[in-house]
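S.K.: Build out the structure end to end from the sequences listed, making use of the hints.
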Amino acid sequence: MTGVDTGRETSHLGGRLITGPDGDPRLIGIRCLDCGTGAFPATDYCPGCGSGSLEDLPLPRAGTVWTYTVVYMGGYGSIVADPPYATAFIELDDGTFVHAPITGCDPESVRVGMEVALTTVEAKENDLGITLTYAFEPAVGRERGVGS
Amino acid sequence: MADLKDVAVIGVGATKFGENYDWGVDDMLTIAAFDAMDDAGIKPGQIEAGWIGIQYPFTGFSGATLSDAIKTYDIPITHTENYCVSGLDAFRNACLAVASEQFDMVIACGVEKITDQTGRGLPTSGFGHPVQMAGMTAPSAFGLAFPRHAKAFGTTKEHLAHVAVKNHFNGAVNPKAHFRREVTLEQVMKAPLISGPLGLLDCCPISDGSAAVIVTRADIAKKYRDDYVTIKGMGFATYTNLMMYDKNFDYLAWRPTVKAAEKAYAMAGITDPLNEVDLAECHDCFTITEILNVEDLGFCKKGEGGPAMAEGRFNIDGQVAVNPSGGLKCFGHPIGATGVRMVYEVTKQLQGRADGRQREGAKVGMAHNLGGLGGVVCGVVILTNQVR
Ligand SMILES: [Zn+2]
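These protein sequence lines are chains A and B, in that order.
When we follow our numbering, the leftmost residue of the first sequence carries the number 6, and every step to the right adds one.
When we follow our numbering, the leftmost residue of the second sequence carries the number 112, and every step to the right adds one.
Simulated from the structure, these hints should not be mistaken for lab results.
It is possible that part of the hints are untrue.
Unchecked claim - Pairwise CB distance ranges (calculated):
no., chain 1, residue 1, chain 2, residue 2, range
1, A, R116, B, Q298, 23 to 29 Å
2, B, E293, A, N131, 49 to 55 Å
3, A, G109, B, T267, 50 to 56 Å
4, B, Q298, A, L38, 53 to 59 Å
5, A, L133, B, D357, 20 to 26 Å
6, A, R116, B, G230, 50 to 56 Å
7, A, D29, B, D133, 43 to 49 Å
8, A, Y50, B, D428, 48 to 54 Å
What the hints assert, rightly or not - Partial pick of chain B residues on the chain A-facing surface, computed with a CB cut under 10 Å:
no., residue
9, V242
10, S251
11, F257
12, S306
13, G307
14, A377
15, M378
16, G380
17, T382
18, N426
19, G429
20, Q430
Claimed, not checked - Pulled a few chain A residues facing chain B out of the computed Cβ check, cut under 8 Å:
no., residue
21, Y50
22, P65
23, T72
Heads up, the beta-carbon is just placed ideally off N, CA and C, and yes, glycines get one too.
M.R.: If you want it as structure tokens, here you go:
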């Protein structure tokens, strides 16, 4: 596996985005060895109980849109797209929540319950030091990578 | 031994809210603070301690921002920062100090000067997770609540629009409001989208402004005026910047509003808020925010906020007058000043001095102040004009 850190020096800033042997992107969160909490972005201490005993948690690539909004006035700017763009809470197939942009479709077509899968996006110029980042795009069936 | 219910407000002051390009931070604080001291009938030398609510570093640092404005030195002054609740938290600390009998006469102020800043919308860099927040705006964080509420309860964009129409109707007659005009349902519905479904007229403005209140004990208040108001209930609660880690987060309620209200109602002995609260200055940074808040405050059942707005239940002559001042939506929202401005309005209402926007016969009023993207911090203060 080749790792691409999307954050600064520490994993808790950007979460971790890796490319698996099949070329598919995967997000790596954490699972707490004490209380079982799974979370993304990865943290150094469990967001549930504060424990430092954590293991890597490779997250499923697929999920559904849990809620979203379409940003028409961008304020201080997305690192993924110019307005209008959709930003969403995605509920992954294992129940983990990821807050991420939706790409690869008309932002106004995004709906609650829409099936999506992880993708990588070249980041726009930003002061976070991020060159490659993650988003979700519409996907159904095998494309969603269910079971991978 | 005094307690919080012995704490009284004897003077309130505020600047006009809006694009105050001709005033600096010191100017606005001076106007608001001297307005409050004049209202109370006191002089700067009587102030024993102060609290100053400011959210943004570009507005000011430390208590010295206030000492210079009121030309009062050598007293303790504390800067409070707690997102949009910075001002109401200044008031809370002032009340606790008086209740403790450490001080007899104190001032709580808030100020923010934002319109000079470059960029569009409220500066949000540094709020929450740096990567996850990239591309998020204040309207986005609250706009994310809408699809959940719509799915669960059938709330519509038109329901949201009724909040804006109501608050502009109330604020149009308020001489210190940022916007002194009404808006129609059609104007709100057709306004350009900011973060769907929130349009321009679903969003409160970026404003400059300052507010101040003078706080003392009730036994001292009697020497200054007969119509002082006192604390009946108070509750504050803090949740999280990182909702995505909370498996129970449902975006259907503002959890800190629920928790702060529980505490304030318990202290006040209020079990039926709909019938025991006459008016509420309720945090309406965005129309969807007020819909969830009126539910969380127990003014209607969860999910009924939208239809209740459409039915006029929260109009100035409704079951509870919600945002008789015009709220953040119409009066404006200079962040650090807002919570103190709410106490200003509730006090005026309870004194029968809210010209043109008076809730008739008001006996119990609430200041409800929510902060943080997605509902992170909340303060609820209940005031009354009834003798304890
Ligand atoms: Zn844990």
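S.K.: Give a verdict on every hint.
M.R.: Now the hints, each set against the structure:
no.	hint	result
1	A:R116 to B:Q298: 23 to 29 Å	holds (27 Å)
2	B:E293 to A:N131: 49 to 55 Å	violated (42 Å)
3	A:G109 to B:T267: 50 to 56 Å	violated (29 Å)
4	B:Q298 to A:L38: 53 to 59 Å	holds (56 Å)
5	A:L133 to B:D357: 20 to 26 Å	holds (24 Å)
6	A:R116 to B:G230: 50 to 56 Å	violated (31 Å)
7	A:D29 to B:D133: 43 to 49 Å	violated (59 Å)
8	A:Y50 to B:D428: 48 to 54 Å	holds (52 Å)
9	V242	holds (5 Å)
10	S251	holds (5 Å)
11	F257	holds (7 Å)
12	S306	holds (5 Å)
13	G307	holds (4 Å)
14	A377	violated (28 Å)
15	M378	violated (31 Å)
16	G380	violated (36 Å)
17	T382	violated (33 Å)
18	N426	violated (29 Å)
19	G429	violated (30 Å)
20	Q430	violated (30 Å)
21	Y50	violated (11 Å)
22	P65	violated (16 Å)
23	T72	holds (5 Å)
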